[in-house]
Amino acid sequence: MSTLELRHINKVFDQTTVIHDVNLQVADGEFVVFVGPSGCGKSTLLRLIAGLDSVTGGDVLIDAEVVNASSAADRGCAMVFQSYALYPHMSVYANMAFGLENAKIPKAEIARKVADVAALLRLDSLLQRKPTQLSGGQRQRVAIGRAIVRNPNIFLFDEPLSNLDAELRVSMRMELRQLHRRLQSTMVYVTHDQVEAMTMADKIVVLRAGNIEQVGTPQQLYEFPANIFVAGFIGSPRMNFVSAELAKVLAYLAPRITIHAHTVGVRPEHWVACSEEQGLPVQVVSSEYLGSQTLVHGQLSDGTLVDILTDTSLVSNAGQVIHMSFDASKVHVFDANGLRL
Amino acid sequence: MSVANFLLRTRGRHRLHWTDVVTYVYLVLGLVVMFAPVSWLVMSSFKSESAISQFPPTFLPYSQQTVTVPGFDKPLPLFEVLNTEDQSAPPVVMAQARRIGIMAAMVDPKQPEVQVKVNVDDRVPVNELDFAWSNYIDLFDKFTFSTYLFNSVFITVVATLITLLLNSMAAFALSKYRFKGQRAVFLLIIATLMVPPTIILVPVFLVINEVGLLNNLWGVILPAVATPTGVFLLRQYMLTIPDELIEAARMDHASEWRIYWRVVLPLSAPALAVLAIFSVMWRWNDFLLPLIVLSTNDVFTLQLALNSFQGELNTQWHYLLAMTVITLIPVTFVFAFLQRYITTGIASAGVK
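Protein chains in written order, with our numbering: chain A, 1 to 341; chain B, 1 to 352.
Incorrect hints may have been included.
To be verified - If the Cβ cut is set under 8 Å, some of the chain B residues that face chain A in the computed set are: (1) Pro-242; (2) Glu-244; (3) Leu-245; (4) Glu-247; (5) Met-251; (6) Asp-252; (7) His-253; (8) Ala-254; (9) Arg-258; (10) Val-263; (11) Leu-267.
Stated by the list, open to error - The list that follows gives simulated cross-link-like pairs (lysine-lysine, DSS-like), each with its CA atoms no further than 30 Å apart: (12) A:Lys-330 / A:Lys-203; (13) B:Lys-176 / A:Lys-104; (14) A:Lys-130 / B:Lys-176.
Since the hints were made in silico from the structure, they are not lab data.
For glycine and all other residues, C-beta sits at the position ideal for the given N, C-alpha and C.
All chains, full assembly: derive it from the sequences and hints.
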């Protein structure tokens with residue numbers, strides 16, 4: 001149970017700045033997700049918080065105390081690594097007990113704590129096994145158990161689900177959320193998967209090239225993306241970007257398209273079929289039947305490729321031209337620098 | 001069954017493919033070339049003193065049968081004497097009373113009074129298979145052999161343990177810490193591989209003398225515990241241990257010593273086994289360093305004792321051979337039991 005604050009964090013590796021002046025506040029008990037494409041610095045930021053790397057500039061504060069000089073062990077954080085980093089030569093029990101043994105906690109208490117956590121994560125029957133004898137999901141739970149058992153102030157997750165198969169990932173997502181609800185701890189979670197971020201986070205931090213692009217709740221990010229990057233990164237399938245020139249044709253959009261407007265963003269589900277004179281002509285390239293909906297890949301007159309999610313009644317064949325407009329209230333307009341207008 | 005299947009696999013389905021033939025010939029040839037001298041040595045170590053000097057030499061340890069004949073103090077050697085007059089008659093077993101030149105005085109053990117003169121060419125010794133265990137038993141009784149054995153074992157075990165500890169510590173630092181001059185230190189260690197040990201023999205001797213470790217087992221143990229080969233081998237292996245494990249341990253409040261002792265060392269077991277094998281072989285077979293450091297009988301290692309057995313005028317071959325066999329045994333066992341680690345160690349160090 002702790003707050004976390006980052007103040008003007010900079011990190012330079014061999015003259016390359018990988019984190020640019022990052023400022024962030026995380027409230028007690030919050031579930032924060034760092035999301036961004038690979039190489040955006042999200043894992044580096046997590047390692048700076050953990051104390052595995054040291055900051056080049058700025059301060060890391062845990063519970064309003066600067067911890068820059070504290071070692072990883074003394075910051076009270078627990079980390080779940082992408083590869084789980086379970087000690088392969090130790091049993092599940094020894095893996096979970098290792099941190100407690102290092103903290104010189106009496107044997108009996110260690111046994112009790114490990115048993116509690118094992119029960120919580122349904123690992124009771126696996127305690128004597130070695131990590132290599134466990135499935136991916138079980139290893140994941142051991143890694144989480146190893147973090148929980150030390151009762152840390154802050155949990156740090158570094159892409160913990162990326163090694164699991166799709167089905168398990170979805171169920172582990174749920175489990176992690178439930179765990180957060182039960183423990184009420186501050187958690188920082190790194191992922192490159194925006195779906196994971198959207199479904200799990202209280203607060204999402206979108207990073208790109210070492211900069212924070214936007215911080216907000218999943219809903220805020222989805223409905224009010226601050227710039228083209230966030231707009232394109234959050235949401236699946238991706239948002240479509242139509243040039244303002246082309247969108248101007250639609251009369252009802254005209255008031256929103258000012259002289260600064262450069263690009264118009266429309267989410268695939270916000271397209272509406274319409275009559276010929278009201279909409280933009282879209283040549284269908286291909287379509288995917290998804291059951292409740294159909295995803296149509298099309299091409300606008302200027303060659304821009306767009307994705308349109310419609311109800312299945314709109315059956316379209318490749319080569320066919322359909323006419324689409326969009327819900328004016330759900331359109332995002334960006335200027336030439338990609339910023340939201 | 002499966003072992004037999006495994007060993008007798010052939011490339012050809014029903015009859016031998018030519019590659020099978022080549023393989024078998026090659027392997028059998030290799031076996032003979034490498035194993036024949038060793039088996040000859042082992043067999044000869046069971047020969048009695050007289051059997052060793054016998055000509056022509058035999059592979060198996062034969063010794064001549066003897067018989068006690070009334071009227072003679074010592075047991076007499078038995079021979080089969082051919083009947084020179086009647087070729088078809090069966091040879092007679094007789095004991096040799098004495099021999100003068102090419103003629104021997106023979107007696108029939110049943111009629112000790114009658115002596116017959118026989119040409120030595122007309123008789124064949126009666127041999128029996130006889131393992132001279134006394135060669136080995138005498139070693140432990142007669143000589144300070146157990147002292148030599150203890151010295152050798154002590155040097156090998158202690159030096160190997162220290163070697164493993166020191167080299168793995170150096171390798172841990174070189175593989176898992178980043179510090180200024182890390183590359184330089186590593187290259188310096190590797191560079192010592194290029195210095196032949198004989199070149200530094202005199203300086204080493206002077207240093208050992210200066211610190212007063214002459215004729216002390218530690219004088220043999222300490223100079224060679226830090227081996228560049230070991231550091232290199234372990235470092236390369238430790239590089240394959242994921243850094244995340246060490247970071248996880250660091251987050252788990254483990255001290256650097258505990259990380260080394262509880263995480264890195266157990267995970268380096270295959271490489272440690274390889275180094276242990278090497279170290280045992282080096283130390284056990286080491287001759288030069290003990291030779292210059294240890295000069296009194298009570299601190300001799302087996303190798304030195306073997307050397308001193310080869311006397312200037314007289315060499316007791318039967319003891320020498322028995323001792324050689326004993327010196328071979330530990331290395332053979334270590335190698336036989338740990339050799340699979342050599343392959344796994346090299347394999348995983350290379351692939352991962």
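Numbers of unmet hints, in rising order: none
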